[in-house]
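The chain contents come next:
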Amino acid sequence: MQGEVGTYANARPVILRNAVFIGLAVSVYGVSFGAMGVTAGLSVLQTSVLSLVMFTGASQLAFVGVIAAGGAPATAIATALLLGVRNAMYAVRMSTLLRVRHGWRLLAAQLTIDESTALSIAQDESIEDGRASRLGFWAGGVSVFALWNLATVIGALGAQAIGDPKAFGLDTAIVAGLAGLLWPRLRDRESWTVAAGSLALALIMVPFTPAGVPVLSCALIAFGVATTTLRRHPEVRD
Amino acid sequence: MWPPVLIASVLCYLEKLAGYLLPQRVLDRRSVHHVAALLPVALLTGIVTVQAVGSGQTLVLDARVPGLAVAFVLMARRTNFLVMVVAASATTALVRHVGLMA
Numbered sequence: 000m001q002g003e004v005g006t007y008a009n010a011r012p013v014i015l016r017n018a019v020f021i022g023l024a025v026s027v028y029g030v031s032f033g034a035m036g037v038t039a040g041l042s043v044l045q046t047s048v049l050s051l052v053m054f055t056g057a058s059q060l061a062f063v064g065v066i067a068a069g070g071a072p073a074t075a076i077a078t079a080l081l082l083g084v085r086n087a088m089y090a091v092r093m094s095t096l097l098r099v100r101h102g103w104r105l106l107a108a109q110l111t112i113d114e115s116t117a118l119s120i121a122q123d124e125s126i127e128d129g130r131a132s133r134l135g136f137w138a139g140g141v142s143v144f145a146l147w148n149l150a151t152v153i154g155a156l157g158a159q160a161i162g163d164p165k166a167f168g169l170d171t172a173i174v175a176g177l178a179g180l181l182w183p184r185l186r187d188r189e190s191w192t193v194a195a196g197s198l199a200l201a202l203i204m205v206p207f208t209p210a211g212v213p214v215l216s217c218a219l220i221a222f223g224v225a226t227t228t229l230r231r232h233p234e235v236r237d
Numbered sequence: 000m001w002p003p004v005l006i007a008s009v010l011c012y013l014e015k016l017a018g019y020l021l022p023q024r025v026l027d028r029r030s031v032h033h034v035a036a037l038l039p040v041a042l043l044t045g046i047v048t049v050q051a052v053g054s055g056q057t058l059v060l061d062a063r064v065p066g067l068a069v070a071f072v073l074m075a076r077r078t079n080f081l082v083m084v085v086a087a088s089a090t091t092a093l094v095r096h097v098g099l100m101a
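Each protein sequence line maps, in turn, to chains A and B.
All the letters of the first sequence, read from the start, carry residue numbers 0 to 237 under numbering that gives the first Met the number 0.
All the letters of the second sequence, read from the start, carry residue numbers 0 to 101 under numbering that gives the first Met the number 0.
So here's chain B without its partners, still in its complex pose (with noise of 0.2 Å):
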């Protein structure tokens, strides 16, 4: 896992510096910001998806979800986010412990 972990690293890293050496009118664009602004709600929506209800190339309702369901709520509450994450992960568990879901 190391050559990604690199090229990763480093291909972000560059990113920040290009925005330090091109000239300003290639990135300072209101359609580029826009854009620039949108990807990571994109981004976060899909991965949050996958990572709640998907399993390789299928999609499952485990546990995971109720867990989900509780994070989402607290943050509606503006709970701290150590608290949402911990009440998170403690509703899976509490479900798999007494064998709702998987």
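In isolation and in its complexed conformation, chain A is listed as follows (with noise of 0.2 Å):
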């Protein structure tokens, strides 16, 4: 992806235009996500606040999951932040790599996310002393915050105009959606441990606790596998 020889001039186009298909490939999930947000009962303005303040898919769309679901809005609240703890990990990474001060740094927290984090990653550190490193981070988190937005307004309109979900299984595709975010974390055996934990926990909680807790309860499994892991092979421990 570096082009042939590993130069700044060389980089940079190819650096833009991965950044514009990312931007793109999200842009599929803003419609869902825009589509879900109305379908929840949330207005097109509230579910667009989402995208432009929240920005971070999977808690946007695991916000709107719990209050679809009934739940109450401390637990939709808590589980966005469960889901956004990583955005601070990727912005440990990226205040070294970027070094911005004051307003930029303020700027840059808020497109710490996946995508621009992944793109920055995947350049040469060593080109220009980050230099790429830097354009993958901005061009990647600009071109996936313009579309994002974007689309999670044509979602949230569409829904508006269909009505009732239910008739075009639409309440199928939140599940569906959700279920495409989650697909690609199911990398190895400690993530499907960690997935069947969840699936049968919440299925033991939804009869006994309120819309949202079953959801949330699955972060215990989370913190208990990963404490298990970090005992077995203390070699991983800090």
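Be aware that a few hints might be false.
Looking from chain B toward chain A, a few residues come up when the C-beta cut is under 10 Å (computed) [to be verified]: (1) Asp27; (2) Arg29; (3) His32; (4) Leu38; (5) Gln50; (6) Ala62; (7) Gly66; (8) Ala89; (9) Leu93; (10) Gly98.
Between beta-carbon pairs, the in silico distance windows are [unchecked claim]: (11) A:Arg186 <-> B:Trp1: 33 to 43 Å; (12) A:Glu127 <-> B:Arg77: 14 to 24 Å; (13) A:Arg16 <-> B:Ala68: 31 to 41 Å; (14) B:Val97 <-> A:Arg11: 51 to 61 Å.
Chain A regions said to be covered by chain B (calculated; three or more residues, Cβ under 8 Å) [claimed, not checked]: (15) 9 to 22; (16) 99 to 110; (17) 148 to 158.
Hints in this document: simulated from the structure, not taken from any laboratory.
We put the beta carbon where it would ideally sit given N, CA and C, even for glycine.
Reassemble the complex: the two chains are provided individually, in unrelated frames, and hints are given to aid placement.
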């Protein structure tokens, strides 16, 4: 992906093209999210504010998913925040790479998501002292931000026009969209263990707890499995 | 619904900002990375489960389940996301239309 010679001039057009591709790819999810927000009972404006301000796909989908299931707002907020912890991890990595200050740091924080981090890390950091890596972050972030928000509005307006979501199986579109976010994260034995445990726990919890709590309780499975792994393999401990 | 939307949005932004402002040693630990990577798997599985078979506090088997089954088969075959979502929704709509399931 770097071009034949590792120079900034060679890397630049490739990075910009990939940024546009990533933006177009996530905009498909953006349309689903927009439709999901309105189906969950949010207004078009509220759905758009989530894309503009929250701007982290998995948390957004989870937030409206819990609301759609009739969950309490507090559990929806907590679920969104737990899903967003990884953004803070990305930010730690990006802060040393971007070397941004003041207002630029506020802007960089907003663009710190899966896609911008991935496009940055994919670049050769030795090119002009990280210049290609920084371009990857900013180009990926701006492209995804623009197209994600545009797609959200299109999806939200579309769902509003359709009216009864169940008639078109749109309730399944929500589940399928969430499954689409989950699938690529099921990479190894550990993640499958977490998924199996979470599936079982959610099923057990549904009849006994208010909506939203079954989802939130699955966080315990992640903590439990992570703790077990780190105990069995102390070499990966800090 | 405005207060939860705004609170959740601002808190998720501050979460990102924290990574730029907090001392690196607070967050940059393998155990924290490990949990952060597994949390989406756990929570997304929980939401998919609840959305697929939950209805308030009861578990129901309705037309969403065959739709989701189609989604997983297509993902295992590396089908494009949009095609997968449309096929899953169409399956649910079809099963409802012919009256097999609610």
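Consistency of the hints with the structure:
Evaluation of the Asp27 (chain B) hint against chain A yields a held restraint, the C-beta minimum of about 5 Å falling below 10 Å. Interface restraint check: Arg29 (chain B) against chain A, minimum CB-CB distance 5 Å, threshold 10 Å, status holds. Interface restraint check for His32 (chain B): the shortest CB-CB distance to chain A comes to about 6 Å, inside 10 Å, so the restraint holds. With a cut of 10 Å, the hint placing Leu38 (chain B) at the interface with chain A holds, because the nearest CB-to-CB distance is about 5 Å.
With a cut of 10 Å, the hint placing Gln50 (chain B) at the interface with chain A holds, because the nearest CB-to-CB distance is about 4 Å. A hinted interface residue such as Ala62 (chain B) counts as satisfied when its beta carbon comes closer than 10 Å to some beta carbon of chain A; here the least separation is about 7 Å, so the hint holds. With 10 Å as the threshold, the beta carbon of Gly66 (chain B) comes within range of chain A, its nearest partner Cβ sitting at about 4 Å, so the hint holds. Taking 10 Å as the C-beta cut-off, the interface hint given for Ala89 (chain B) holds, the closest approach to chain A being about 6 Å.
Checking Leu93 (chain B) against chain A: minimum C-beta separation of about 8 Å stays under 10 Å; hint holds. The criterion of a C-beta within 10 Å of any C-beta in chain A is not met by Gly98 (chain B), whose closest approach is roughly 14 Å, and the hint is violated. For the pair Arg186 (chain A) and Trp1 (chain B), the beta carbons lie near 38 Å from each other, so the given range of 33 to 43 Å is met. About 36 Å separates the C-beta atoms of Glu127 (chain A) and Arg77 (chain B), a value inconsistent with the hinted range of 14 to 24 Å.
Taking 31 to 41 Å as the suggested C-beta distance range, the pair Arg16 (chain A) and Ala68 (chain B) conforms, at roughly 37 Å. For Val97 (chain B) and Arg11 (chain A), the hinted distance range of 51 to 61 Å is satisfied, since their beta carbons lie about 54 Å from each other. For a cut-off of 8 Å, the count of residues in the stretch 9 to 22 of chain A with a CB near a CB of chain B stands at 0, and the three-residue condition is violated. For the stretch 99 to 110 of chain A, the stated coverage by chain B holds: 6 residues have a C-beta nearer than 8 Å to a C-beta of that chain, and at least 3 were required.
As drawn, the stretch 148 to 158 of chain A meets chain B at 0 residues by the rule of a beta-carbon pair under 8 Å; below three, the given contact is violated.
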